[in-house]
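Next come the chains, spelled out residue by residue.
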Amino acid sequence: MKSNIAEGFQEIREQNIMKVKEAKEQGQKMVGLYCTYCPKELVLAAGAIAVGLCGTREEPIAFAEKHLPRNLCPLIKSSYGFAVSDTCPYFHFSDLIIGETTCDGKKKMFELMADLKETVVMNLPQNPLQEASLELWASELRRVKELLEERFQTELSDEKIRAAINLTNREARVMKRLYDLNKARPALISGLDMLTVSWQVGFNVDREEGIGMLEDLITRVQENAAQGGTAGAAATPRILLTGTPVGLGSEKIIALVEESGGLVVVMENCGGYKTVDILADESDQRDPLRVLAEKYMKIPCSVMSPNRGRLELIDKMIDEFQIDGVIDLTWQACHTYNIESFWVSDLVKQKGLPFLQIETDYSASDRETLRVRIEAFLEMVK
Amino acid sequence: MIAAGIDVGSVATKAALILNDSFYSIMVPTGWSPREAGQTALNQVLEQIGATAEQLQYVVGTGYGRVSLPFVSQTVTEIRCHARGASWLRPGSEIVLDVGGQDCKAIRTDRQGKVLDFVMNDKCAAGTGRFLQVIAAALGSDVSELSEQARGHKAQSLNSMCAVFAETEVIGLLAAGVPPGEIVAGLHQAIARRLASMVQRLGPAEQLVFTGGVARNESLRETLEKILGMPVLAPREGQMAGALGAALIARDAILN
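As they're listed, the protein sequences go chains A and B. The end of the first sequence is residue 381 by numbering that gives the first Met the number 0, with every number in the run present. The end of the second sequence is residue 255 by numbering that gives the first Met the number 0, with every number in the run present.
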């Protein structure tokens, strides 16, 4: 029986294109983002639509390779490819792009992207433990706030920013509640369904509507579970996927795990569980930009050094989600995740679980050879 | 009780039977049809013991062509089969290195031949049988002659490990008058280094079992032994390890 868990979510990206077009015609502003480090609270406080534009599909990569080297992360190439080929309506309708100096590939790609559309690149500090990093990030938030005010002729009062913090926190909490459903054994939602939901919901123009949809889904899954509806059986190998981000179009590892009899019960990557526990404290009465800066410096991304937070999170998730094996996905040429795999491997093996690192790109060319490795990995779990 | 294993590789298809603790095997070229090759190998190995397909109780298929075999009871990855087969051939080995026609894999196993960890090179021909074939062709010889050719020669250092660029480099070296023996010795050196780094990623070990078609190259085995500083055992039936492991897994299935 085909799962209908993701029903209502599959078409959000397509359906919302018309809504975006109408909103734009009525003078609404839109900002394109590429990373979880982007302070979307400020965009929302400015009354603009915030939409994630991270490229997760193979198709535009050929366009990107006219300007970018082949030996580069497919996420960067796909993101740029969509922009340069003008095949992403969300990029097309964006008034402004906000990028960050996360990794070398991205920051240099943004220099090229700036030729296509107004792009502001935030200077992301990379040592999360230093006070100077917090100060720099707070000042970058101020720069973006002022830019949004000037660009969109609006004022970002503390009150508006706090309201946006509240909205963003509620979104994170509902995502966490959804992901946490899979702490149950057997799990309740397949990895592919979870990805469809979490990826598609980001294209909602009306964020309250997105929260409502997720709440309805949680109820639906719980009701389904009460009648014995689960994803997989109690003995199905429960896999944690960590590493570089995955979206629709680049889900081949999840698909292969699930075709081979396993289940990706949770993803640690951004777009997954990485940020759901990282909230700005709403009771904190200090300057909201400072509160936001502290929030963003807690994101355990591999561009940070040191980045012990990621290992602590994986450790905790392995226990809470009753994980049987961990797959660490590295997109080709992503040095920071590739190197960090050393520590992840160490941690997972110390916990007595099988570990598999996969370095690949978005293409389907290695699908069958990856299948052998993933099947062999699942054989180790059993 | 007859348990059988079929390993359909990119170059050769292997079939193994286990009957009363003895093992019988055969190898045929895979050719263009993995399905036909699997059927042929199975028929031929059955003939060896004068049995028929009806007497087979359980058949496990493995190798890249495993999904195209209609007659198997179960498919298992070649990683698990090689681990099982190699540790049956040489009990007590902790690491199995299998180098086949289109990939190579290093596997850490426990005493029973169960997979504990593995690394695999599957995106690039470097260090595989395919790589040796390409270079042998550039030298005008056959892959089976390489081992003899390298014997007693110092190793000419090679810069490229990409099958395409290495071919060009070899042609250039020949033109510069470098003796083919030195080129082959250098080639073995380069491949062995690459294989050694895969093995070393699995941590320390006392000895290694080397299987797959490429393990028949004795010069390469010796070079690998020197680099790793541990015994590298290449059992005579090494190319059968996958099929044998599949047959052993089939026997487990019958006994359970």
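Possibly wrong hints are sitting among the right ones.
Keeping only pairs whose Cα atoms sit at most 25 Å apart, straight-line, the calculated DSS-like set for lysine-lysine is [unchecked claim]: (1) Lys348(A) / Lys113(B); (2) Lys381(A) / Lys113(B); (3) Lys107(A) / Lys182(A); (4) Lys297(A) / Lys106(A); (5) Lys23(A) / Lys175(A); (6) Lys315(A) / Lys182(A); (7) Lys23(A) / Lys106(A); (8) Lys381(A) / Lys350(A); (9) Lys113(B) / Lys350(A).
Just so you know, the hints here were simulated from the structure itself, not pulled from any lab data.
Results for each hint:
no.	hint	in the structure
1	Lys348(A) / Lys113(B)	holds, 16 Å
2	Lys381(A) / Lys113(B)	holds, 11 Å
3	Lys107(A) / Lys182(A)	violated, 40 Å
4	Lys297(A) / Lys106(A)	holds, 21 Å
5	Lys23(A) / Lys175(A)	violated, 31 Å
6	Lys315(A) / Lys182(A)	holds, 12 Å
7	Lys23(A) / Lys106(A)	violated, 28 Å
8	Lys381(A) / Lys350(A)	holds, 16 Å
9	Lys113(B) / Lys350(A)	holds, 19 Å
Hint compliance for this structure: hints 3, 5, 7 are not met, and every other hint is.
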